[in-house]
Structures are given as C-alpha cells and as structure tokens.
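Go ahead and model the full structure; you've got the sequences and the hints to work with.
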Amino acid sequence: MEYQNPWFRVVREGAYHYVDEPGAQAGAAVLPLVGDTVWLLEMRRPAQQGAVTWEIPRGYGEAHETSQQCALRELREETGLLAEPAQLTWLGKVRPNTAILTSCIDIYLVKLPSNHPPQRRDREAERIVEIPIKALPSELAQGKLEDGFTLAALSFYWATLR
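In our numbering, the protein residues as written are 24 to 185.
Please keep in mind that the hints were generated in silico from the structure rather than gathered at the bench.
Any given hint might turn out to be false.
[What the hints assert, rightly or not] No more than 25 Å apart at the CA atoms, straight line, and that leaves these computed lysine to any residue pairs for SDA-like:
1) 116 to 87
2) 134 to 89
3) 116 to 59
4) 167 to 92
5) 134 to 121
6) 134 to 162
7) 167 to 121
8) 116 to 163
9) 116 to 38
[Stated by the list, open to error] Pairwise CB distance ranges, derived in the manner of DEER restraints:
10) 87 to 155: 35 to 41 Å
11) 183 to 32: 19 to 25 Å
12) 155 to 123: 24 to 30 Å
13) 182 to 87: 28 to 34 Å
14) 116 to 34: 29 to 35 Å
15) 185 to 45: 33 to 39 Å
16) 137 to 115: 22 to 28 Å
The beta-carbon is built from N, C-alpha and C at its ideal position, and this holds for glycine as well.
Shown next as structure tokens:
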C-alpha cells in the first residue's frame with residue numbers, strides 16, 4: 024500500500040497502481056425521476072477545478088448498509104426527496120474507471136409523483152436542476168452532462184424503455 028485515508032487507499036501491485044474505495048462496496052447512485060422531470064445536483068467539485076457539473080445523487084455506503092439503503096439515504100440527503108425501498112428499481116452496475124479504480128457501483132431509478140414534496144436537504148449541491156426527461160437528449164448533445172454516473176444511469180434508463 025502506498026497511501027491510505029478514510030475514503031480510499033492507493034495500492035501498488037508491481038508496476039501498477041490502483042485506488043481501492045472500501046466504502047464503494049455498498050455505494051450507490053440514484054436517478055430521481057419526479058413526474059416527467061429528472062432532478063440533478065449542480066456541483067462544483069475540487070477535483071474538477073471548480074467546473075460546474077450536473078450529477079445524480081450518489082455516495083459511499085455506510086457500515087452495515089446495503090446499496091439500496093445507501094441510494095435512499097443519498098437521495099434524501101442530497102435532494103430532500105423521501106422514497107421507500109419498493110420505489111427503487113435497480114438499473115445495473117457501473118465501474119467508473121476500470122484502469123485505476125476497484126469500485127463497482129449499483130445504479131438505481133426512483134420514480135416519484137410530480138407533487139412529491141421535498142424535505143430539507145444538505146448543502147453539498149449548490150442547487151437542484153430540474154430537467155424534463157424529453158429535454159435530456161438535447162442537454163446531452165450540448166455537452167451539459169459529463170458525469171459518468173449520470174451518463175451510466177441515463178443509458179440504463181433508456182435501455183429499459185426499449
């Protein structure tokens with residue numbers, strides 16, 4: 024091991040280095056569809072040098088938490104939306120960067136009615152961006168969606184519509 028902190032460790036294996044994220048084992052990302060609108064988080068992450076990104080809620084799993092529980096918690100914390108396990112649909116798994124990350128994350132969809140009232144949310148995101156699902160292909164074509172988890176979730180979602 025070359026380096027370790029509470030969230031990840033850098034491992035050296037011969038000439039190769041990779042990042043292991045133990046919390047990612049039960050981590051999850053969730054695509055919130057409220058009525059016919061997708062809710063995305065407007066983020067400015069230090070690793071992106073302050074660039075604005077639109078992302079679905081996601082995060083590491085906590086001790087003794089399933090990925091489904093993680094998805095519901097992240098949804099609540101980051102958007103204020105409350106959902107029940109029965110409202111989640113598992114879409115698939117994504118490996119964010121197979122060259123350097125060991126992570127394999129579950130992706131979920133949650134469908135909520137348009138009148139679903141949000142609760143108080145944390146302030147990790149600058150704001151919530153609400154985009155009609157029909158406008159997403161245009162937003163994608165304009166380069167407004169770059170986050171890998173969001174792109175994977177949308178790919179899985181559109182594949183389920185076939």
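How the hints compare with the structure:
no.: 1; hint: 116 to 87; in the structure: 20 Å, holds
no.: 2; hint: 134 to 89; in the structure: 20 Å, holds
no.: 3; hint: 116 to 59; in the structure: 24 Å, holds
no.: 4; hint: 167 to 92; in the structure: 29 Å, violated
no.: 5; hint: 134 to 121; in the structure: 30 Å, violated
no.: 6; hint: 134 to 162; in the structure: 21 Å, holds
no.: 7; hint: 167 to 121; in the structure: 24 Å, holds
no.: 8; hint: 116 to 163; in the structure: 21 Å, holds
no.: 9; hint: 116 to 38; in the structure: 28 Å, violated
no.: 10; hint: 87 to 155: 35 to 41 Å; in the structure: 38 Å, holds
no.: 11; hint: 183 to 32: 19 to 25 Å; in the structure: 35 Å, violated
no.: 12; hint: 155 to 123: 24 to 30 Å; in the structure: 36 Å, violated
no.: 13; hint: 182 to 87: 28 to 34 Å; in the structure: 32 Å, holds
no.: 14; hint: 116 to 34: 29 to 35 Å; in the structure: 21 Å, violated
no.: 15; hint: 185 to 45: 33 to 39 Å; in the structure: 36 Å, holds
no.: 16; hint: 137 to 115: 22 to 28 Å; in the structure: 26 Å, holds
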